Structure formats: C-alpha cells, structure tokens
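K.L.:
Could you build the full structure based on these sequences and the hints that come with them?
Chain by chain, the residues:
2 protein chains.
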Amino acid sequence: FTPIWCMSFCFSLALSNFNSFVIRTNTCGELRSAHVGQEVTLYGWIQYQRQGLFLVLRDFQGLTQIILPQDEAHSHVKKLLSNAPVESVVRVTGIVSSRPPGQENPKMPTGDIEVKAETAEILNSCKKLPFEIKDFIKKSEALRMQYRYLDLRSFQLQYNLRLRSHIVMRMREYLCNLHGFVDVETPTLFKRTPGGAKEFLVPSREAGKFYSLPQSPQQFKQLLMVGGLDRYFQVARCYRDEGSRPDRQPEFTQIDIEMSFVDQAGIQRLIEGLLQYCWPEERGPIVTPFPSMTYKEALADYGTDKPDTRFGMKIVDISDFLRRLDIQFVQNALSYPHGTVKAICIPQGVKCLRQQCITTDAVCDATFMKHSFPGWCLSDFPDSKIAPSHYLPSLLQCSALGNLRLESADLLEAAGLVLRDPTAFHFLWVVDFPLFLPKEENPTELESAHHPFTAPHPSDTSLLYSDPTKARSQHYDLVLNGSEVGGGSIRIHSAEQQRFVLEKVLKEDSEVLSHLLEALEFGAPPHGGIALGLDRLISLIVDAPSIRDVIAFPKSFRGRDLMGNAPDYVTPEELEPYHIQVSWPLAERGKEKL
Amino acid sequence: FTPIWCMSFCFSLALSNFNSFVIRTNTCGELRSAHVGQEVTLYGWIQYQRQGLFLVLRDFQGLTQIILPQDEAHSHVKKLLSNAPVESVVRVTGIVSSRPPGQENPKMPTGDIEVKAETAEILNSCKKLPFEIKDFIKKSEALRMQYRYLDLRSFQLQYNLRLRSHIVMRMREYLCNLHGFVDVETPTLFKRTPGGAKEFLVPSREAGKFYSLPQSPQQFKQLLMVGGLDRYFQVARCYRDEGSRPDRQPEFTQIDIEMSFVDQAGIQRLIEGLLQYCWPEERGPIVTPFPSMTYKEALADYGTDKPDTRFGMKIVDISDFLRRLDIQFVQNALSYPHGTVKAICIPQGVKCLRQQCITTDAVCDATFMKHSFPGWCLSDFPDSKIAPSHYLPSLLQCSALGNLRLESADLLEAAGLVLRDPTAFHFLWVVDFPLFLPKEENPTELESAHHPFTAPHPSDTSLLYSDPTKARSQHYDLVLNGSEVGGGSIRIHSAEQQRFVLEKVLKEDSEVLSHLLEALEFGAPPHGGIALGLDRLISLIVDAPSIRDVIAFPKSFRGRDLMGNAPDYVTPEELEPYHIQVSWPLAERGKEKL
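Chains A and B, in that order, are what the protein sequence lines are.
Numbered per my numbering, the first sequence spans residues 1 to 594.
Numbered per my numbering, the second sequence spans residues 1 to 594.
No lab work stands behind these hints, which were simulated from the structure alone.
If you're wondering where the values come from, they're calculated on a predicted model, not measured in any experiment.
None of the hints are false.
Any copy will do: because identical chains look the same in the list, a pair fits if it lies in one copy or spans two.
Here are the simulated lysine to aspartate or glutamate pairs, EDC-like style, with alpha carbons at most 16 Å apart:
id	residue 1	residue 2
1	Lys209	Glu576
2	Lys128	Glu521
3	Lys127	Glu521
4	Lys198	Glu574
5	Lys116	Asp71
6	Lys116	Glu72
7	Lys209	Glu573
8	Lys79	Glu118
9	Lys470	Glu445
10	Lys306	Glu484
11	Lys128	Glu518
12	Lys198	Glu242
P.N.:
Put into structure tokens, the structure is as follows:
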C-alpha cells in the first residue's frame, strides 16, 4: 500500500473529536499499543487485501491492518471480507492486538497493532475501478477530474483540502477573535462595473436586465466602511470570465479585508501577523516584517513587479562597461536618449547552459520580440549572458530580461543546480506602483494600474491633478516566491477626488458608480484594504503544481466541470423566463435541436 | 442622541483588540473613569453637537462626549468642530476628564467621562443628509435600502451583523476545532439539476451552453463523502430564482453539513450541540435534546409541518361530540369515509375576538376556500370557535385550521393577550416525513417530498418498492418558533436504490445525474447531513421582522439592489461573447435602444 498514507496530518488539532456523533469507536489512524485488548469498531475503505489473511482498512486519518479470522466459527466473516472488492466500504469490529514481534511497521503510525476482526459488514461494494487509486496520479488530469470523487481519496488531496480548511480557520481566529474584524457576506448578484468585460452575466426575469457576478467585493467593502463597520473581512467567492487561461479558475476565493482609519503600514503589519498566525508549523517559521521593494526597484533589478527573491541573478546595467567597447549595434543602442544595455549574470551559465544555448536564444527571440542579439559571453563577465533591454525609456521593457532570468533559472535547475530552496518562503511587499498606465490599445489614454478607487501616494496628490502619469499610488502587492498572492491599497475617500479620477483622468461615465460617489459624500472615513488570493497561497504552501490541486471540484482550463459536465445545453423553454435566446453561430445552427 | 447606542455588544470578545494597526488609541465605547488623565485619540462620526460647547462622537462601539475648548488658543479647534456637519468623520485628540458631579450619564458606558479636545481634524465632511439617521427606521424601506450604507450606521444593523459574524465564528469553532469537520468550498457555477426550474442561468462562452447557480451544494457534499472527506461543512452561498416573493432573497446562506457513517440521531445531536455552543448568552440558555414530533402528529395537532409550539390551541377532533347533535351539514360531513370535524379552542376567544369575528370569518373563507361555515360557539365548548376540516381523508387538509390557529394567535395578541413569549426559543424536530407526495398538477404522479437523494425510513425500505406513496423518509426538519430553520436527511448510498427512485418512482431521466449514480457504485459510504438557513436563524435570534435586517446588502422583494441599481441593462456587444440576445416582449421592443 502507498507509504504516503503512513504520514499523518501534523496540523490536526489535538482537541478535535473525529468520533463524535457516529458509531465507530476509532478512526483508522488512531490505534496504538495502548489500545491493545480493546474492542473497536472501524469504518473505512478496503485499501488492499491478501489471500484471505489480512486487509488494510483506510479512512481520512490513516490505515489499520485487519486480520481475518481463520476459525470455522467466523468463516462467514472471512468470506465476506475476502470477497469484497478493493475500495468497498466496510465496518469491522474486533480486538486490538499487538503485531507479532518483528512484524511491526515503524513507518505506519498504527504499525504496532492489528485488529482481529470478529464481525464485519459490507456497507457498499465497489465496482471495478477504471484504474487503481494509487496509480491515479499518473493518469491524465482529465480522467482524474472526471472521477474527482476518487481522486479526493488520495492522501495528497485530503491533505491539501484539510490544510486549506485549517489555515482559513486560523485566519478567522486571528481576524475575528484577536482583532475584532466582522465577517460580512456581500452579494454576488450585482451589476456590471465599468470596464467589467470579464464579468459573467446572469439574466434576470426583467427583459434585458442582467445581474453580474463580481470579480471582487470591492464596492461593497468600501460601502461597509462608509457604513461604519470599521473592520471587515470575508472569505469571498469571486468570478472572472477569462475564457481559457492556464491555471485560472472562473470562480476563485479571496481573503478580503478592509479597515477604516488605517494606512499602508497598518495593512502590511496586519497581513504579516495574519500569515504568521496561520502559517502551518510543518513549513517552518516565517520572519516578519516582510521586506519591501518599490515597483521601480523591482522592475530595475528583476524585470518584473513580482520578483522571485529566492535567488540572485539581478539585472545589472552594463552600459558604462560597453561604452568602452567598439561594438557598433551596442553603440547605436546607447546613443538613444536614456539608452542603456542591461544584463543578468548567470552563475555557471557557460558550464550549465552551453547545451541550452539554442533554448535560451529561443527564449530571447520570444521575449525580445526579435529585438535580441545572439547570446555571447564577455571575458570580463565570466559565465555571463548578455542581452539588451529594449531602448525605450520605459521600465516595463525590463520584463524581457525578467523572463530570461526565470527561464535561465529553470534551465539551471534542470541541469542540477539548486537555485531556489524548495522549502523557502520569500514574502515581499512591492509598493509605490504608478497610479495610471497608458492603455495598451491607445497609449495616449490612461487606465488605472489597478482600479479607479486606489488613492494617490500622499507625496503625489498634486501630481494627480497636474501630471497624473507621474503619480504613484498607495497600492501594494504581496509577492511570495515570485507569485502575486495579494494586493490592496488605501482607497480614495474624497468624492471630489474620486470624481476627478473617473471623469477627468479615466474619461469614464461616472454614472454607473453614482451610488459610490454619493456614499463618499456622506462622511466616508479614510480606509484601505487588501485581498489575498487563497487558492494561489495554499498551492504555494503545499507546493502544488496547480491551484486545481487545492480546490475540491475545479474546472478544467476551458472552464468545464468534467465530472458533472457543466456548462450544458438548456431547452428554449428554460430560457423563456429570462427573455433571452441563443444566437447560434452560423456553423452550429440546428444544434439546438439536439 | 439615541439611547439605544448606549447599549454595548454583550458578545464582544474580551480578547479582541479593536485598536491594533490603526492610529486611534481607543474606540468611542471604551473610555471609563480609569482612563482619566490620559491623552487619547478617537476617530468617529459626529452624532450630535450643541452650541459650540460639546459634541458626541460615535463609532461602532459606542459614544463619547467631546468638550470643545473655549480658550482663545484653541479657537481654531472649536471653530473646526462647531462647523462640521453632523455625520462628518473627525479625529479628536484630547484628555480624558471626569464629568462634573451630577452630569454623569449612568445609561452610557462612557457616561462618567468626557474628552477635552485639544486637536482635531475633519477627515471627511458630510453633506446634508436626506433624513436624520436616528429617524431612519421610520423611513420607507426603499429609502433605507437606497442609502444602505447610512442604515448600516444604526445600532440595530451593526448589532445584527456583528452578532451574525460572532455566531458563525462559534459554529466554525464547534465544527472545525471541536469535531474535526473540514470546511470545503464547492462550485457555484454548475449545471441544472433535474427539475431545477428555480436555478439562475449563467451563459458561457460556448454557444448554447449555460452554467447554473445551484440551490444548494447537495450533489457536491454527497460526492465529498464518496471522496472520503468524512465530515464536511461550509457556510454556503445558495441561489434561488423565485421571482417576487416576500422575505425571500435570490441569494442566501446556509450552514451546510454532511457526515459519513452517521444516522439521523447523530445529525440531530450534532446540531443541538452546535446551536447550544453558538447561542448568544444574552438570549438565555437553550435546552437539549430538542423535542421531536412526527410529520403526522404535527399536521394532526397543529395543521402544519412547522408547528409553533410556544402556545397551545391544538387541533382537536370533535366528531364524536358533534355526531350526537342534529346539525345537517355536520352530519353530512361525518358521513363521508374518514369524515371528521376538527376544531381549535381559542382561550378567551369570545371575549377577545368578538370584535374580530368578521376578520376570522374572512380568514376562514380564504383558507377553507369557501368550504367553511360561519363561526359559531357551542355552550359545551365555551370560548370556542369551531371550523370543519375539509372532509378529504388527507392530513394536509388540516393546514387550514393550522393557518386559522396562527391568525387567531395574532388577533389575540393584538387584543393584548400574551400567547407567545417573545424571549422564548422553542426548537422542535419534525421527523418521519413521507418520501413522496402526489404532484400538485397531476396527483397520479409522484414527486420527492424533499429531494430525490433522501433515503427511505429503515422500516419502510420494502414499501419503497411495493407502495412508495406509503414510504416514510429519513428526512428531518428543524423548526424554531414555527419557522423552518433547517432540514436534512440520511441519503441513499446504494446506486441501485437511487436509480430505482429516479427512474421507476419519479420517472425522471437519470442521465443528468449519471455522475452521481456512478459515484455511488465506487464505494460510497452511508452518509447524511443537514442545512441550516442562516439568514432565517439569525433573524429569529435577533427578533428581526425580516431576513433583510440580518443581511448587509439585501435585495428588494423583487430581487433588485436599490442602492446600486441591479440588475441593469447591458449592451448587445456585451452579450455577444455569450451567444445570446434579448427576446424583447412585444410591448417593450425598441427599449433596447435606451
């Protein structure tokens, strides 16, 4: 049987009684030498059985070896249990005994004992599995998702879901019990926010009118502050319709927090305390306060606003060095205003990446969009690979080098180097984001870097009115090992300033937000908050390859539930109360008759 | 100022620190004589102010009296605070002082002290309110909902939301920490369940395919049991599209629970323990175990399956008494097979309800659908009102008398009698429901009394196959003071039995549930559960007239958000990715151009 099942859940609370309200006397992970001689009743799944001699019974807590009776008087018990297929659910009552000397299994918490079955009952027989549970992990993810209820029986998913539940409970204790936060539920049937192109629509019974499933409780949490709630939190279900994107889910969960009369440092200290309080002991301690880096520094040093600080290979400016050399295309680049050449130094790059040169070139080609030059090494920069940043004076251009840095790290690790300690957790605050960014489709117009409710940096308030492109915001991101796990800001609480941002800077119709603007006029307190992406955070803590591994019933990357087959066709009659009809694409006309 | 604000929240945890991470030194409900001499910084709303002498500052925790400085050196502070409109948000820093002798306010927790302001800051001014906050309760509910963020500042809503948060936290502690339950989030984007006519639809980007917002996590929680989770709970958001119905919400919350290897008594004891654990001290103790009553008894004695057992006036059978009298239409009724005449005895009915005779007659007319006879009194039944049950031999007909019983109770209480102690909480289990009921639209066909996953009563398993109409179920309802606050059942865990119910009894296409049927074949454990209606439960605990009073942002009874104006129109372009278009009712064509 799978040895991984011998592990127990370190985070299980000693206080918890798993046997209350049920007839079992013990779980399958509980029995020890101290129980020898007791009559016990266990319920579980047959994990394994051997030649009518013994079987291994499994439940969520562990495994217990059951010895089948061999005497004539109990022949029906032996027959019953021997004939039950693997993964059948059974009740076994029997006496706890010491295992014969030499047969103890020290890797198994219950490895000192076995239970001699006296009576048994097959509660539900299992039909032949389409695969063996223990091999499940090797199966295609589609198959695992189709039979999710079987996958959930694996140690790994049980562990992930139980740890998730435990961490969230600890977060609640910290927020609610220790710091006076109020858990308030906010609506998920609301209306479109401006620019809410990624919001699912829900047709109502009023012709032409739709609810929208919000991407976050942003408006509601601000209104709760206006309502004097003072400290709000919610484990909030959020929705985002992004079509097909890898490792995104159409519904996801965030730890949503908002406070009145708080500044950026207040929120940061709160979150550091929160994470320290809920952090699972088995992952080692985390140190607070977390380091902080400005957006500008992050882009300059790491080429990204979510730097993975577990390893170096920072971006360095080699313009001054190169200026001395007579390389024509480099000199060309440097002759532009603000022209620079930047590089990352890859430790043992020549030794380790010689074979990968073609790969890294491919990375360069892809990330520099053909603006790269071939990889080469300078003797003064041993083991280095030099690549130019695009010469536009925008820090954003560093992202190409940032991508190269991460790709190189992957390649180095594939070559056997340990760059990033898999047990290390590097939290980082990234601060001082710009308030606005040029719109991708039309760079002469501005859009909010995060959302229009973000307050300007206290030092940049006058810039908001004079030169908004230069204004920094009071937005902060929380980064863990190179992934964004949270983000928040101090919000605008002045109606006048909010109206200016919406109408004058963003050129948006503020009418759809009139309720919020009006609320700000009725004594809205200064406030700010943050949201932590729970799925991502948990997946990093348990080192899962995907957030799908920390969600009980995830959707496929196309947004489908492969177990229940959702979304699905509905009849025209079912659409009628909602006053909608399907506009079939030409190729699919007639399909509605299916 | 409103005296109700002088109350404090009894359930506030002594451990909670409301001043962490912010600059204030204290909340407005905290200061006592012990603080005299300290310099404090408070943040809050101006509740009231008087002639430049003092003002009352309010936050979520209470009120503090602030004395404005009268000396020349502080004239700017006086001016600032005197000119700030009511409900403006201010910071005040000053020294805590004892109130002058005789000016203490014993009704106010901070009534022994006042704060002498030294510096102050207007953080946000409040424009003229459309009404006074303290009179809010008298305003129309539509106005209160439009300005919900102002209504939230009232003591009552703060109290309701904070108590709700506290009760849910206690529930989590009980389930998660004490009894090993796992908090698992289940999807809200799923697909239609058979007969799910009340499920909102969510169009997907695949033409013609829709998600559905589930009415409960029923399928998922059962699948979690198949997945070996053993003990699941979730504070689950649920959706139900019922159009306009008073005191229903399109989205609501239930405490959703499922356990493996449990029987009905196990779930009942769990819930009793849960409610006892989370019950607010200030509402007095509740006694467990809760009394239990069969569905048959409930209908016979109270004419409803959710009896309000806080008062008597049970239904009695007076057929034998009436058989002796020569009243023709009564004799007619009694001559039918199973013909009976039933009555309720209304204490002091003649005295109290003489004036209301017309009203009760109206009730009779309405509830008996014109089958009633005029109310009259018999000398042998002093103070009684006699009304016949419909003569069909179905217990359901008792519902008319059940309604009359409740209406009469209302009338008696309006007349000054105290029938139902407003501080009493009468919990009751109603059990042994029928498994199936005749369909209303076609009584020869059967439908599930609750849902198709409900297991038959252990004594009635064979009836399921021989005469399903007679089979009782393992469904149980939890009733509090005449309102259903929970319901659950032991579920079918045999695939064969589940298929029989779906295909043979309910004549439904089991294909849409094929994933569940298949799951039952793979070693599904016996399991059962319950769901508590959180909104209703909290509203009963705080004695709120509507569940809207315990929800931060409720919808109107037409399902509208009156603050943000949802649902709302969207453009045809926004519908395009979802391959739907609006079918405008004829009368509204052209409206889409608006």
